[in-house]
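Here the protein sequences line up with chains R and U, keeping their order.
Residue 161 in our numbering sits at position 161 of the first sequence; the count goes up by one each step and never skips.
Going from the second sequence to our numbering is simple: count from 1 and add 161.
Quick caveat, the hints were computed from the structure, so don't treat them as lab data.
Please note: incorrect hints may appear among the correct ones.
Unchecked claim - Computed Cβ-Cβ distance ranges for the label pairs, DEER-style:
id : chain 1 : residue 1 : chain 2 : residue 2 : range
1  : U       : Gln275    : R       : Glu23     : 20 to 26 Å
2  : U       : Gln275    : R       : Pro82     : 26 to 32 Å
3  : U       : Val444    : R       : Gly80     : 45 to 51 Å
4  : R       : Glu23     : U       : Asp262    : 22 to 28 Å
All C-beta atoms, glycine included, are put in the ideal place defined by N, C-alpha and C.
In case you want the letters, here they are:
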Amino acid sequence: MQEIAWSPEVIDDMKVSLVKALEQVFTTMFNSAITVLPVVDLPDPKHLSALVGFGGRLSGFLCLHFSGEAACSIASGLLGMPMNELDDTVFDAAGETVNMLAGCFKNQVSKTEEMFKISVPSVIQGREYNVHTRANSHQVLFGVSTGSYEFVAQLVLEQKQ
Amino acid sequence: MSKRVLTIDDSKTLRLIVGKYLKPFGVGIIEADNGAVGIEKAKAENPDLILLDYNMPVMDGLQTLEGLKKDPALRPIPVVMLTTETVKETVIKLIKLGLKDYIAKPFTREALVQKLNPILGLYEGDMPSEVDLAAMATQAQPQGSIPDKPAVLIVDDKDNVIKLLREYLGEGYNVVAAANGHTALARIQQGTFDSIFLDMDLPDISGIELYKKVKKQLEAMSAKVVGMSLRTQVTEITQAKQLGIREFLYKPFSKGDVEELAAMLMYGKSAAGAGDAPRKFLVADGNIRILSFPDEKDPSLKAFASALSAEIRQEVSEMADEGVTRLIVKLSPGLMSDFGSVKKFVSLLDHVQRLTLSVRLVADTDKTKEQLRQYSEMANLKTYDSVDLAAASFG
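Whenever a hint applies, use it, and build me the whole structure from the sequences.
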């Protein structure tokens, strides 16, 4: 197995792949364009984070962090019905969004060989939590705007030793 | 007959999206949140197509597909995978196992419908436009709306019993099956049934225990329960009768046994033609018969709702036999107090139309009118403000 050289260019390529995956998901499922925002802090207070784990040649996770309103907007966009409260339907919709995103991202980076498998999605809700990553992992973190709401995309990757 | 699709996906969101996308085509959606439940539902419901996710807990898509294809009864059902998993090697492996096709997530309605059209025959010619689809969705019977046939739930762990009952009941019923008590519980939570054939000897929970758990819900939907057992299970039969299960279908049963019992339950026809003199629900007023719904708080409401598909239906048939052709139905919010009553009432109206009777509906309160508007099947029915006005309208 060839080791990945984690140069800034490789990290940029990962970001480009993730943005393409975001565009694919939001164009197809939400009929909405997206704009990438400069690196931002995670929403504070946080309300909801939906994540999918990666395992294989690459490991890590992909996480979308939403405010409560943005999470409800995501669910409304997917289901075509108004959603105003953080309930199981909203959690499930956020999980499915990150699941589809992870699949698209995987397809972007696994064109010649399968780089990783993806886990079933998990959703975390709360106000006082932080997401810590290992020191030797590589991270891509940026904000995303749909024009109606914003959220944060976080990709953390490391190569299996 | 509308097509039915089983969606096996751990995401409720995805199952809802599939339902939304296929609704304009009148497709009925059956849902399962994992592969194990999916295989059980496929056995019980025999859908026209299965949409299968790959990345799921309990059983993944590959294991589920293997389970579906190794069962001779389920093997012919086409399976289409709806998945983020599009790695070539995996897809080839799935196709070798018998996968019909796959759709990559994310997906548009157009992509889903175009893939499924060759299998389900959803439309002819060009794919309908979004505008047409919106109109079709409005016209299509929504999920959970009122079906035109009595709904029957069969609860039995033996496939041959379910198969025989389905066969003997025939096309006149919407039959749903559950192979164990827990599946039956889920079915009862999700649906409304006119009648339930309940095996007393289930593997996970006894028929008696199951009945105790759902008795109130069954009463609320005016469902009639038929116990199924061997004649020798005297203790269970006695217990069931003490709890309120009046009818029994003894195994082994014949086609005649089932037809006789079903007719009696659904339409109030006793095979023996004997029994107590029935209460009369239709009141004669000259050459008109009047049926009045009890008010919401009237203690007789439950009995009235129960009689809608049996005794009242019978009385309507008898008035037609007597040559009386005019019927006035005075509605009340009591009718709309539960979904089962509404369903029975719509079925009664169909019966009235088949007998070519003239019927007038009276809604004399705002609450009654408002509640009528909540049901698509009744929202457009013409109503009169009083019995007198309705009677005058006959001319």
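Outcome of the hint check:
no.	hint	in the structure
1	U/Gln275 / R/Glu23: 20 to 26 Å	holds (22 Å)
2	U/Gln275 / R/Pro82: 26 to 32 Å	holds (29 Å)
3	U/Val444 / R/Gly80: 45 to 51 Å	holds (48 Å)
4	R/Glu23 / U/Asp262: 22 to 28 Å	holds (25 Å)
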